[in-house]
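The primary structure of each chain is shown beneath.
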Amino acid sequence: MTHVLSIRDLNVEFTDRGKLTNRPVRGIDLDVSAGEILGLVGETGCGKSLTGLAALGILPRGARRTGQVTIGNDPLQDSSEPGGSVAIVFQNPGTAFNPVFTLGRQLSDVLARHRQISRAEGKAEIIRHLSLVGLPDPERVYRSYPHQLSGGMLQRAMIAMALLRQPRLLILDEPTTALDVTVARQILVLIDELRHKFGFGVLLISHNLGIIRDVCDRVAVLYAGRVIETGPVEAVMNNPRHPYTRGLLDALPAGRTHGQRLNAISGTVPGNLLSLTGCAFRNRCSHAVTDCSLTDPLLTETGPHQAVACLQEGEL
Amino acid sequence: MTNVLTLEKIVKTFPHHRRVFTAVDDVSLSIKEGTVYGLVGESGSGKSTLARCAMQLMRPTSGRAIFEGHDLGKLGPKALRTIRSRMGIVLQNPVASLNPRMTIGASVAEPLLAHTALKGQALQTRINNLLDEVGLGAGHAHRLPHQLSGGQCQRVGIARALATSPRLLILDEPTSALDVSVQAQILNLLQDLQQQKGLTYLLISHDLDVVRYLSDEVAVMKTGKIVESGPAERIFTDPQHDYTRRLLEAAPGRGRPELADSHALPTLTTQGSD
Amino acid sequence: MSPTTQISAPTGSGPAGEQATLKPIKLLKQTLGRDRLAAVGAMIIVLVVILAVFGQWLAPFPDQGMGATNASARNLAPNALNWLGTDQLGRDVLSRIIMGANPALTISAVVVAAAALIGIPLGAVAGYRGGWLDEALMRVTEIFQAFPPLLLAMVTVAILGPSLTNAGIALAISWWPWYARLVRAEAKSLRERSYVEAARAMGIPQLLIISRHVLRNCMTPILVQATVDIGTVILAAGSLAFIGLGTQPPLPDWGLMVAEGRGLIFSSWWIATFPGLAIFLAVLGFNLLGDSLRDLLDPRQVKR
Numbered sequence: 001m002t003h004v005l006s007i008r009d010l011n012v013e014f015t016d017r018g019k020l021t022n023r024p025v026r027g028i029d030l031d032v033s034a035g036e037i038l039g040l041v042g043e044t045g046c047g048k049s050l051t052g053l054a055a056l057g058i059l060p061r062g063a064r065r066t067g068q069v070t071i072g073n074d075p076l077q078d079s080s081e082p083g084g085s086v087a088i089v090f091q092n093p094g095t096a097f098n099p100v101f102t103l104g105r106q107l108s109d110v111l112a113r114h115r116q117i118s119r120a121e122g123k124a125e126i127i128r129h130l131s132l133v134g135l136p137d138p139e140r141v142y143r144s145y146p147h148q149l150s151g152g153m154l155q156r157a158m159i160a161m162a163l164l165r166q167p168r169l170l171i172l173d174e175p176t177t178a179l180d181v182t183v184a185r186q187i188l189v190l191i192d193e194l195r196h197k198f199g200f201g202v203l204l205i206s207h208n209l210g211i212i213r214d215v216c217d218r219v220a221v222l223y224a225g226r227v228i229e230t231g232p233v234e235a236v237m238n239n240p241r242h243p244y245t246r247g248l249l250d251a252l253p254a255g256r257t258h259g260q261r262l263n264a265i266s267g268t269v270p271g272n273l274l275s276l277t278g279c280a281f282r283n284r285c286s287h288a289v290t291d292c293s294l295t296d297p298l299l300t301e302t303g304p305h306q307a308v309a310c311l312q313e314g315e316l
Numbered sequence: 001m002t003n004v005l006t007l008e009k010i011v012k013t014f015p016h017h018r019r020v021f022t023a024v025d026d027v028s029l030s031i032k033e034g035t036v037y038g039l040v041g042e043s044g045s046g047k048s049t050l051a052r053c054a055m056q057l058m059r060p061t062s063g064r065a066i067f068e069g070h071d072l073g074k075l076g077p078k079a080l081r082t083i084r085s086r087m088g089i090v091l092q093n094p095v096a097s098l099n100p101r102m103t104i105g106a107s108v109a110e111p112l113l114a115h116t117a118l119k120g121q122a123l124q125t126r127i128n129n130l131l132d133e134v135g136l137g138a139g140h141a142h143r144l145p146h147q148l149s150g151g152q153c154q155r156v157g158i159a160r161a162l163a164t165s166p167r168l169l170i171l172d173e174p175t176s177a178l179d180v181s182v183q184a185q186i187l188n189l190l191q192d193l194q195q196q197k198g199l200t201y202l203l204i205s206h207d208l209d210v211v212r213y214l215s216d217e218v219a220v221m222k223t224g225k226i227v228e229s230g231p232a233e234r235i236f237t238d239p240q241h242d243y244t245r246r247l248l249e250a251a252p253g254r255g256r257p258e259l260a261d262s263h264a265l266p267t268l269t270t271q272g273s274d
Numbered sequence: 001m002s003p004t005t006q007i008s009a010p011t012g013s014g015p016a017g018e019q020a021t022l023k024p025i026k027l028l029k030q031t032l033g034r035d036r037l038a039a040v041g042a043m044i045i046v047l048v049v050i051l052a053v054f055g056q057w058l059a060p061f062p063d064q065g066m067g068a069t070n071a072s073a074r075n076l077a078p079n080a081l082n083w084l085g086t087d088q089l090g091r092d093v094l095s096r097i098i099m100g101a102n103p104a105l106t107i108s109a110v111v112v113a114a115a116a117l118i119g120i121p122l123g124a125v126a127g128y129r130g131g132w133l134d135e136a137l138m139r140v141t142e143i144f145q146a147f148p149p150l151l152l153a154m155v156t157v158a159i160l161g162p163s164l165t166n167a168g169i170a171l172a173i174s175w176w177p178w179y180a181r182l183v184r185a186e187a188k189s190l191r192e193r194s195y196v197e198a199a200r201a202m203g204i205p206q207l208l209i210i211s212r213h214v215l216r217n218c219m220t221p222i223l224v225q226a227t228v229d230i231g232t233v234i235l236a237a238g239s240l241a242f243i244g245l246g247t248q249p250p251l252p253d254w255g256l257m258v259a260e261g262r263g264l265i266f267s268s269w270w271i272a273t274f275p276g277l278a279i280f281l282a283v284l285g286f287n288l289l290g291d292s293l294r295d296l297l298d299p300r301q302v303k304r
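Read top to bottom, the protein sequences are chains A, B and C.
Numbering of the first sequence is given in the numbering used here, commencing with residue 1 and proceeding in unit increments.
Numbering of the second sequence is given in the numbering used here, commencing with residue 1 and proceeding in unit increments.
Numbering of the third sequence is given in the numbering used here, commencing with residue 1 and proceeding in unit increments.
Hints listed in this document are in silico derivations from the structure and should not be mistaken for laboratory results.
C-beta atoms are modelled at their ideal positions from N, C-alpha and C, and glycine is treated no differently.
Be aware that a few hints might be false.
[Claimed, not checked] Across the chosen pairs, the derived CB separations fall in these ranges:
id	chain 1	residue 1	chain 2	residue 2	range
1	A	E234	B	K32	37 to 43 Å
2	C	Q145	B	S43	39 to 45 Å
3	C	S189	A	D16	27 to 33 Å
4	B	K119	C	L277	52 to 58 Å
5	B	S43	A	T290	46 to 52 Å
6	C	P221	A	T257	48 to 54 Å
7	C	G130	B	T61	15 to 21 Å
8	C	P121	B	A122	29 to 35 Å
9	B	R234	A	R261	19 to 25 Å
10	A	T257	C	W132	49 to 55 Å
11	C	D291	B	T116	40 to 46 Å
12	C	S189	B	H146	17 to 23 Å
Construct all of the structure, not just a fragment, from the sequences and the given hints.
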């Protein structure tokens, strides 16, 4: 089985004038196979977006990455430009495009940087991609400015732009958060269709458990910079093993009505991850024992392609 | 049971280039005391505009908003300001809804200073009580908004909205900007407060699960009109209108898209309606 | 009644009960420590202020500073007695520069304050309310701004008669539109903010909304502009004096001194050069500090 993305022991550190100030990603391992959609789910501050950026090789200023990131068979080089085999689609399609240039122009720029191709052929290729992502009248979209298109159409155009790079890995960072539910659904259906068609791997980053469930094959749950549970999506969603995953699923209002209180996870995410000992979740966990504050649980296999990082795993 | 808020044939239009854009198209509804009325719809449905017309933050082009028996459109500025003490609003972005240069305590004090005669120690006590009620210690009063998390800021927003003991609370996407676990905390809080104080809520959201969880009555809006309304449970278990059904089907978490779905070209809305 | 899910500890690290607001002095020191240019600017300004306040005791020859002549010591190059030399009337250049600080700083501070006091309220109300009030303000400021900046001041002084005071009045008249437009733009954008909408929804009176929510949140650009403007006005006042429309001789004024020394620039270069340098340094100082003020005044500087 070929992995299009292989991450081992990824750490992202922030420094301020030489001094270490934070480590929002603390040793992440994950793999994405060709043709597979892996969901990376977690709440604000869990490090999921940074992981996505690290996989691209682009990190914000002051951030430093350690660990291995391999795309296909090539280890990732750090540079200001993401490698050609990886493409990313961001959350807000409205601001991802330059408002003063037509979409055609912007897509041509991407194509030109990626392939040696004549202008006429390039335009044809772009039109083909625009229709591939389900945009009706791609000729018109080619000539349009971003403000003339709706959010859903822009998001499709972004996906087309990503596909022009012929990626082996497509990273989507909150791709549907800014969209209406009906449009979001269409986008997810499109992603599903495209990965079957082209065979690239997908890393879908989101805080929305619902869309993860709808479209992902496997899921990795992040908490405080670590993967604390991973496995096939139905298995994890129906039978979560880690107390945090359980808490998260329990907190959803889906299917509940007033009269039933939601099981909110008490407490908050620890602020300073540098001085953390033991399990990061222990202060909020109802199953914590003394050992949890001393030992940092490692991700251990609990079944085929399933793993949990919890000392109490097996007892619960 | 009395109606706290009644909207009669509200229409709101905006001039748009040389034409007119109708955001709210002849909407009528009533909210009974002590109930939660959920207004659900996608962007462009007009739900936020309707809420603002209900509070007279925008003047409706035509139609009436009747709150506690008063026709809001007929009130003079001073009377309208006084009536506002009987309404509270909680906005979507918790941090942005607070003045970044005012402490939490000052933000909560603002409506009290405007509408009550409380000062000094009595004022401070009331502020502390409000902060306690929403689950924030009184020790937070001297902090600034950027020092608090999103969930904490939203609690402040709720405390501020409740400061003058209003009858009606308008909640505009109160949890959309919050994480799942924080959302659960806030929803619990909102529910507790509603039951304890017998408050009336007008809840606006695009999140069907949240609306279903909190609401007694629900209205579904699309391009300025209410397409379906009724008791919450009925709307969600037995939707009558096609649009309501489509919304429910598209809601995330229902499972993998059907194979049939994925091979048909999805229908696209024309520009501008997203 | 028990509160739901009590939040026990504030987020973020640090000792319990950490202070919410860093004391202004500490914040100032922190910023100046990091930003060398700001520190330089601050030092220059402090120097100018000291000279302005204590000038008459610091100047070696205060009467010459005020204009007393000394025929025997004309056009002396910088020497042990006169560190910056003497001018064509024998007056000590250093003393004149020191004593010129006071009028320069005073007139600039007054002009900027007056311009701000007129422009800010007009801009705030017009920007917030919009409508015909806004349109009217825009047209009026456009008329003022259509004149080249110094031209309007020159015309005013020509009408009122040349003196430092009249130069001040003229400059204030030319300057207020910029503040009005600055605040008007800020008010227009702040009007859409969530917290302003919340205030309207709570029934807060409009004037309070404007002062508490709008003005308070545009103080930063105003203060930054005002700081830089003090430097600019020093230059403008000096320019007016240079062409004879400001301070009249024999009073000390940096611009006037440059004018007086202009003819002798190749023989007695010190007469015009040092006052020119004084203007340059003063403007530089205010510019440097003004730039750094932006960061200093950001409420998010207060650590979590």
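Hints versus structure:
Between E234 (chain A) and K32 (chain B) the Cβ separation comes to about 42 Å, which falls inside the hinted range of 37 to 43 Å. A beta carbon spacing of about 40 Å between Q145 (chain C) and S43 (chain B) agrees with the range 39 to 45 Å that was offered as a hint. Here the CB-CB span from S189 (chain C) to D16 (chain A) is close to 32 Å, well matched to the stated 27 to 33 Å. The given range of 52 to 58 Å is respected by K119 (chain B) and L277 (chain C), whose C-beta atoms sit roughly 56 Å from each other.
For the pair S43 (chain B) and T290 (chain A), the beta carbons lie near 50 Å from each other, so the given range of 46 to 52 Å is met. Between P221 (chain C) and T257 (chain A) the beta carbon distance is about 49 Å. The supplied range of 48 to 54 Å therefore holds. For the pair G130 (chain C) and T61 (chain B), the beta carbons lie near 19 Å from each other, so the given range of 15 to 21 Å is met. Evaluation of the 29 to 35 Å hint for P121 (chain C) and A122 (chain B) yields a pass: the beta carbon distance comes to about 33 Å.
The hint said 19 to 25 Å for the Cβ distance between R234 (chain B) and R261 (chain A), and at roughly 23 Å that hint holds. Checked against the hint of 49 to 55 Å, the C-beta distance between T257 (chain A) and W132 (chain C) comes to roughly 52 Å, which is consistent with it. The supplied range of 40 to 46 Å is met by D291 (chain C) and T116 (chain B), whose beta-carbon atoms lie about 44 Å from each other. Restraint check, S189 (chain C) to H146 (chain B): a C-beta distance of roughly 19 Å satisfies the suggested window 17 to 23 Å.
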